[in-house]
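S.K.: Each protein sequence line maps, in turn, to chains L and X.
In the working numbering, each residue's number is its place in the first sequence (first place is 1) plus 180.
In the working numbering, each residue's number is its place in the second sequence (first place is 1) plus 9.
What the hints contain is simulated information worked out from the structure, not anything from laboratory work.
One or more hints might be untrue.
Unchecked claim - Facing chain L, according to a computed beta carbon distance under 8 Å, are these residues of chain X, among others: (1) 315; (2) 322; (3) 363; (4) 399; (5) 607; (6) 623; (7) 636.
Stated by the list, open to error - Rough simulated footprint, nothing fancy, chain X against chain L, three-plus residues with beta-carbon under 8 Å: (8) 203-209; (9) 232-245; (10) 353-362; (11) 423-432; (12) 477-485; (13) 555-564.
What the hints assert, rightly or not - Non-contacting residues of chain X with respect to chain L, defined by C-beta distances greater than 10 Å in every case (computed): (14) 28; (15) 47; (16) 267; (17) 283; (18) 449; (19) 453; (20) 496; (21) 521; (22) 551.
Remember, predicted model here, so these are calculated numbers, not experimental data.
Backbone N, C-alpha and C define an ideal beta-carbon position, used for all residues, glycine too.
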Amino acid sequence: MSRLVPKAPSACSDLPLDNAEICHKLILLKELLTSSFGPTGKLKQIHNNIGGHVVLTSTSSVLLQAISSSQHFVNLIKTSILNHVSRFSDCGLFAAVLCLTLVELAKQSGLAENVSVRLNKYFLDLCVSYMQGEDCGCRVKLDFSNSHNLITLARSVISSKPACMLTVQEVLHISKLAVQAFLLTLPCDKPGTITLGRTVTITVEGYSVLNSEVFTGLLVDVTCDLCLNRAINLNSGALPVVVFSTSLAGDFSELGEGIIEVLAGVDSESQILEQLLELGKQVVKDDVKLFVCQKVIHPVLQQYMRSQGIIVMERLGVNLMEPIIQLTGAQPVATLHSTIPASAYGKVMGISIKQIGSKTMLHLQPTRESVICTLVLCHRNETVLRELKLVCQKTEHVLRLALKDPAALLGGGCTETLLAAYIRHKCNEAEAAAQLRCSQSEYLLGMEVFCHSLEYVAKALDHDGGDSLIDLNHAHHWNQPVETMKNSLEYSLGNCGCGLLRNSPGMKWTYLNTAYSPFSASSSSADPTAQPRVLDSFTAKLNALQVAVETANLALDIRFIIQDLN
Amino acid sequence: MLGCSVLNCRQHVGLQKLVAMAGIAHSSLGPTKKLKFIQDDSSGESALACSCHRILENLELTCAVSQLVYETVQAQQRVFGTGSGCLLFLAGAWSRAALECLHRGMSVSNIISALSEGIEICIDVCRKSSISTDDVGVVPSKSLQASVKAIMVPSREAFHLKGSISVGDKTLNISGQRKIKLSRHFCGVESENLSLAQQFHQPKPPNIHHIAEGLRHGCINAMNLVLEVHQMQSKSHEDISSSSFDISQVMTCVVPGLPEEHASVSSGCIVLLSAEQTAVVHLLKEKPLKVAFINGDLSHTFRHVGFIRPVRIHRVIDQSAMSGPTSEEVWMVKVMTLLLNLEVNLIVVSGHVSKNVIQCCCSHRILTVEKVKASFLNTIANATGGVAVTYASQLNKHCVGTGAKVTIWRDLSGTERKLSAVNISTSGRSGLATVVLTSCVHGKLQLLEDQFWACAYRLHHALKDKAILPGAGVTEMLCIYQLQKQAVHHPRQKSEETENPYRGEVLPLMAEGLIDYISTVMVNTGKFSKVTARTLVNQQLQDCAVLSDFKAKFSQILLDDVTEDSSSTSATSYDRAQEMKIYDNLSVKLEAWRKALDLVCLVLQTDAEIITSVDQKNVGHQNLMFL
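Make a model of the complete structure from these sequences and hints.
M.R.: Given below as C-alpha cells:
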C-alpha cells in the first residue's frame with residue numbers, strides 16, 4: 181500500500197539583507213571572526229552541547245568548520261571563505277572580515293545593490309592591477325637564496341595564531357624549523373617535472389617547544405615494544421623493503437559483496453594463514469629486511485618473519501603510505517594472492533631507533549637525496565599542540581605557494597592602508613563615474629565603502645583598545661597602544677605594522693577613521709636596509725581579496741532565497 | 010545549529026569558572042588532606058575521593074573550561090602521578106590575579122606577557138634553590154669534609170664582615186664572591202655547576218631514606234612500602250645503582266578484608282585466584298614450572314586486534330557433521346594437546362580466559378592467570394626466557410619459559426569469593442615487585458593505592474631529576490620574595506623590546522596567589538586560621554626582606570638562604586640539606602606551575618564559546634546567541 185504525502189510548497193523570501201534576523205547574524209559572525217583576527221586575537225572554545233572534547237582556536241579553517249547557521253545566506257558566505265582556506269590555507273579571517281564588512285557598509289551606505297556590485301568590482305580590479313604592477317609599494321620580492329624573508333613569512337603565519345601559546349623565541353625556533361622542513365622537501369638538480377616531497381609531522385606532548393626538531397627521512401612511531409626486542413642498528417648498505425597496502429590480518433575483508441557458503445569442516449582461516457606464510461617465505465627468500473603493512477599483520481606471520489630477522493611494521497596508517505613509498509621507492513602490494521614482483525621492492529639506507537620524549541620511533545634513512553622529512557613538534561599541552569601542528573602545516577602550504585610566485589605582501593595592516601590610499605589617490609570621479617554608469621556622488625560613496633572596509637580589516641588587528649593610524653607619507657598602518665595614549669603621537673609610536681618604517685621626525689599621521697586628503701604613497705623607505713618584519717603570502721592574500729569582494733558582491737546581488745521544505 | 014556566548018571582558022566568565030573549579034583543590038592540598046564524599050542524587054551512588062584528580066574523575070563536567078581543566082589534570086597525572094592539586098589550586102589563584110588585572114583595565118596581551126615573565130622568575134628560583142640528591146643527607150668522607158672547611162671558613166668570614174660593615178666594600182665583595190664561587194657547595198645549586206660538582210664526588214648513592222622521608226608528605230606507611238620496593242629493586246639489579254627507581258616494574262594488588270597492617274611488598278607478581286585454581290596451585294607449588302605467555306584472550310572466539318570477522322559467510326552443514334564435535338571442542342583439544350606436549354604448567358594471559366579453558370586446564374593441572382598487564386607479562390617472559398604470543402596455536406618450544414614458581418602468598422578463604430593470593434616468581438630475577446595493599450574498609454582501598462603511587466612517583470622523579478626542592482613552602486616563599494622584589498625593580502634588559510608597563514602590578518598579584526597557596530596548606534593542617542596563616546607568611550617575608558638587605562649582593566648565589574631561620578649562618582647546601590626535612594619534586598612542581606599558568610592564559614585569551622549542535626527549540630542557556 182502506498183501513501184501519498186502532499187509536497188510542502190517551497191518557501192520564498194526576498195531581499196535577505198533587509199531581513200533583520202539575517203543582518204543580526206551577519207554582524208554576530210563578523211564580531212566572532214574579527215575578534216579572532218591577528219596575533220593578539222582572542223581564542224574561541226569550540227565544543228558540543230554534551231561535553232567532551234574542547235578545541236581552543238583562532239584559526240579560520242577550524243572556526244568556520246564548526247560554525248553552521250540556520251540561515252543559508254550566512255552559510256553561503258561561510259562556505260565561500262572555507263573554500264578559499266582549503267586551497268590557500270592562509271588569510272581566511274582576512275577574507276571573511278573584509279567580505280562581511282563590505283556587505284554591511286554597502287548596506288548602510290544606501291547605494292543601490294547593483295551600483296555597489298559594479299563599484300566593488302571596479303575597485304577590486306584597481307587593487308589587483310596595482311598589486312601585480314611594477315610600482316607596487318606593498319609587494320616584496322622573495323629571495324630564495326636567502327632564508328631571511330622565508331623565515332619572516334613563516335613567522336608571520338605562526339605568530340598570527342595565538343592559540344599556539346609561543347614565546348617570541350619559540351616562534352622563531354618553529355619558523356626556522358618550518359622553513360628547514362620546507363627546503364628539505366624541495367628536490368635538487370632533477371631535470372624535468374619536479375615533484376615536491378613531503379613533511380610528516382609528529383607531535384610529542386609534554387616537552388618544551390624548543391625540543392622540536394626536523395629530521396631527514398621518516399620517523400615512524402613504534403607502538404609495540406615486541407618489535408624492538410633485538411637492538412636494531414642496520415646501517416650496512418641499502419636494505420630491501422616491501423610495503424603492503426592490503427590487510428594481512430588473515431580475514432576476508434577483501435572479498436566484497438555477496439554471500440559465501442563454506443562447508444562446516446573447512447577451516448578457511450588456516451587456509452588464508454597458509455597463504456600468508458607462503459608470502460612470508462618469499463619475502464625471506466628475497467632477503468627483505470623491512471616489512472611494512474598499512475594495516476594489520478597476522479601475529480603468526482609476524483612471529484615467523486621476526487624469527488627470520490625481519491623488522492616488521494604494521495598498522496602504518498594511510499597517511500604515512502605515500503611518504504614511505506616516496507622514501508623507499510617501493511610499489512605498494514595490494515594483494516596476497518600472487519608472488520611479489522621484484523620491481524615492487526624498495527630500499528632504505530639505514531634503520532635506527534630514536535627515543536623522542538615518551539615515544540620510541542624507528543628512523544628510516546633515505547637511500548639517495550630524498551625529499552621526505554619529519555618534523556617533530558613538542559609542546560606542553562595537547563590542546564595547543566594540536567593547533568601548533570595545524571599551523572605548521574599551513575605554514576608549509578604558504579611557503580609552497582611562494583614557490584609559484586616568489587613574492588610577499590607587507591603584513592600588519594600596511595597592505596590594507598596602502599591599497600586604500602592608492603584607491604583614494606587614483607580617484608577620478610568624473611571619468612570613472614561615467615564609465616561605471618553611476619553618479620559622481622555614488623562613486624565617491626562606493627569608494628568610501630571599499631576603502632573603509634579595507635581599513636577596518638587593518639584596525640581589526642588591534643584587540644586591546646589601541647588606536648589605528650595611517651602615516652601621510654608612506655600610507656603604512658601604525659598602532660598606538662592604549663597605555664601610551666596620553667603621550668603625543670611622536671613619542672608613542674615605534675614601528676609601523678609591518679616593521680619596515682620607524683618613527684622618524686617629520687612624519688605625519690592621521691587616525692584611520694578620519695578623512696585625509698589623497699596623496700601618493702612614497703614607496704621608498706627612509707632606511708633602505710630596513711627589512712619588513714611581518715609578511716603575508718602574496719598568492720593567498722590576493723586570492724583572499726578576490727574571494728572577499730566577489731562573495732560580498734554575490735551576497736549583495738541575491739534577491740530571493742527559495743527554500744525547499746520537503 | 011550553533012550557539013555562541015560572548016563573555017564580558019571585564020568579568021571574564023571563563024576565569025571565574027576556573028576560580029570556582031579550583032575551590033575543589035583547597036582541601037586536598039598539603040599533607041593533611043580531607044576526604045570528600047561525592048554523591049549522585051539521582052542514582053544514590055557515592056564515591057570517596059581524596060585527591061583532586063579523583064574528585065574531577067567523579068564529577069560530571071559539562072562546561073568547556075572544566076573539560077580543559079580535566080584534560081590538563083589528567084595529563085599531569087599521567088606523566089607525573091602527583092601534583093594535580095597544586096596545579097588546580099594555582100590555576101585558580103592565578104585566575105584570580107588575572108581577573109584583578111582585567112579589572113584594573115590592563116590589556117590581555119600585557120597580562121599574558123607579565124604572567125609569563127613571572128613564571129620565568131619562579132622557574133629560575135626553583136632551578137637555583139634545588140638541591141642535588143647527591144648532597145642530601147650524605148655524610149662526606151673525612152678528607153673531603155676537611156677541605157670543605159678550609160674553603161668555607163674564609164668565605165664565611167667575608168660573609169660576616171659584610172654583615173657588620175653593612176655598606177659593601179667593593180674589593181672585599183669581589184674577593185668574597187670569588188671565594189664563594191670556588192666552593193662547590195655554593196655553586197652546587199646551579200645546574201651547570203652541578204655536573205661539575207658531581208665529577209668531584211665519588212659516585213655514591215644518594216641517601217634514599219632521607220629523601221623518601223622528606224618526600225612522604227604525611228603518607229608514612231605508603232612511603233615505607235615504596236622504600237621496601239626500592240630496596241628490593243636495588244638488590245635485584247646490582248648493576249643499576251640504587252640511584253634510580255623503576256616504577257614500571259611495580260604492581261599493586263588490593264586485598265579487601267584484611268587490616269591495614271598486613272600491607273606488604275614481595276618480589277614477583279601477586280594475583281588473586283579462585284578456589285578451583287588454588288587447588289592447582291597446591292599441586293604445583295615450589296616446583297619449577299614451564300610457562301606460556303598469551304598476549305590477548307585465551308578463548309576459541311578471540312581474534313587479534315584488527316581482524317575483521319566475516320559476516321557474509323554461511324556455514325553449510327551436512328548431516329554427518331551434526332553429531333561431530335563443535336568447533337570449540339576441536340579448538341580445545343588442539344590447544345590442550347599442544348600445551349601437554351610442551352609440558353606447560355602455567356599460562357599467563359594479558360586478556361581474559363574463557364571459563365571452559367580454565368576448567369579444562371585445571372583438570373590437566375595447568376594454572377591459568379588472566380588479566381596480567383602486558384608490560385608485566387613481557388617482564389616475566391623475559392625473565393623466564395619465554396616469548397609472548399597472540400594465539401595458543403603459535404606456541405612452540407622457543408616460546409615457553411622455564412623456571413617460574415608459584416607460591417601461595419596468603420590463603421584468604423572465607424573473606425570473599427576470590428580465595429587466595431598467589432605469587433608468581435621467577436628464578437631469573439625479573440625485578441618485578443608487587444605491593445599488596447589491604448584494608449578492612451573497602452572504600453579506602455583506592456585511597457591507599459593512590460597514596461602509594463603518589464609516593465612512588467615522588468621518589469621516582471626525585472631520583473630521575475637528581476634534584477629536589479626544599480619543601481614545606483620554602484620554595485614558594487622564595488618565589489614570592491623574588492616576585493615581589495622584581496616587581497619593584499628589575500635588571501634592565503638589553504633588548505630593544507619595550508618594557509611591560511604593568512609588570513610591577515602583575516608580579517605581586519602572582520605572588521599573592523602563592524601566598525594563598527602556602528596559607529591554605531597551613532590552614533589544612535588544622536593548626537592555623539586563615540588570618541593567622543597569612544600573617545605568619547607575611548611576617549616571614551618581611552624578615553626575609555630585612556635579612557636580604559646585605560645579602561642582596563650575594564642574592565644570586567645565596568638566594569636559597571634567605572628564608573632560613575635567622576640563625577642560619579650555615580651557608581653550605583650540605584648543612585642546609587641536613588636542616589631541612591621536607592622536600593618537593595623539582596620537575597613535578599615546575600610542570601604543574603607551568604600547566605596552571607598555561608590554563609589561565611588559554612582561558613584568559615578566550616572571549617567566546619562556540620557550542621555546536623544546540624537545539625534552538627529547547628534551549629537551557631539564557632544568554633546564548635544563535636547563528
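S.K.: So, for every hint listed, does it hold in this structure?
M.R.: Evaluated hints:
Contact between residue 315 of chain X and chain L, as hinted, is supported at the beta carbon level, the nearest pair being about 3 Å apart and thus within 8 Å. Among the interface hints, the one on residue 322 of chain X holds; its C-beta lies about 5 Å from the nearest C-beta in chain L, closer than the 8 Å criterion. Below 8 Å, beta-carbon pairs count as interface contacts, and residue 363 of chain X has none with chain L, the closest being about 18 Å; its hint is therefore violated. Interface hint at residue 399 of chain X: satisfied, since its Cβ lies 4 Å from the closest Cβ of chain L, which is below the 8 Å cut-off.
Checking residue 607 of chain X against chain L by beta carbon gives a least distance of about 6 Å; that is within 8 Å, so the hint holds. For the restraint placing residue 623 of chain X at the interface with chain L, the shortest Cβ-Cβ distance is roughly 5 Å, inside the 8 Å limit, so the hint holds. With its C-beta approaching chain L no nearer than about 4 Å, residue 636 of chain X sits inside the 8 Å limit, and its interface hint holds. For the stretch 203-209 of chain L, the stated coverage by chain X is satisfied: 3 residues place a CB nearer than 8 Å to a CB of that chain, which reaches the threshold of 3.
Judged by the Cβ-Cβ criterion of 8 Å, the stretch 232-245 of chain L is covered by chain X as claimed, because 5 of its residues qualify and three suffice. Given a C-beta distance limit of less than 8 Å, the hint that chain X covers the stretch 353-362 of chain L is violated, as 0 residues qualify and 3 are needed. Counting residues of the stretch 423-432 of chain L whose C-beta lies closer than 8 Å to any C-beta of chain X gives 5; at least three are required, and the coverage claim holds. Closer than 8 Å: that is the beta-carbon criterion, and the stretch 477-485 of chain L has 4 residues meeting it against chain X, so the requirement of 3 holds.
Look at the stretch 555-564 of chain L against chain X: 5 of its residues bring a Cβ nearer than 8 Å to a Cβ of that chain, three or more, so the hint holds. Here residue 28 of chain X stays apart from chain L, with its beta-carbon at least about 17 Å from theirs, past the 10 Å limit. Every C-beta of chain L lies more than 10 Å from that of residue 47 of chain X, the closest at about 17 Å, which supports listing it as non-interface. Under the 10 Å C-beta cut-off, the non-interface status given to residue 267 of chain X relative to chain L holds; the minimum distance is some 35 Å.
For residue 283 of chain X, the non-interface assignment is confirmed: its Cβ lies about 29 Å from the closest Cβ of chain L, beyond the 10 Å cut-off. For residue 449 of chain X, the non-interface assignment is confirmed: its Cβ lies about 37 Å from the closest Cβ of chain L, beyond the 10 Å cut-off. With a least beta-carbon separation of about 30 Å from chain L, residue 453 of chain X lies farther than 10 Å from that chain, consistent with its non-interface assignment. With a closest Cβ-Cβ approach of about 17 Å to chain L, residue 496 of chain X is found to remain outside the 10 Å limit, as its non-interface label requires.
For residue 521 of chain X, the non-interface assignment is confirmed: its Cβ lies about 22 Å from the closest Cβ of chain L, beyond the 10 Å cut-off. The claim that residue 551 of chain X lies off the interface holds: its Cβ sits roughly 32 Å from the closest Cβ of chain L, which is beyond the 10 Å cut-off.
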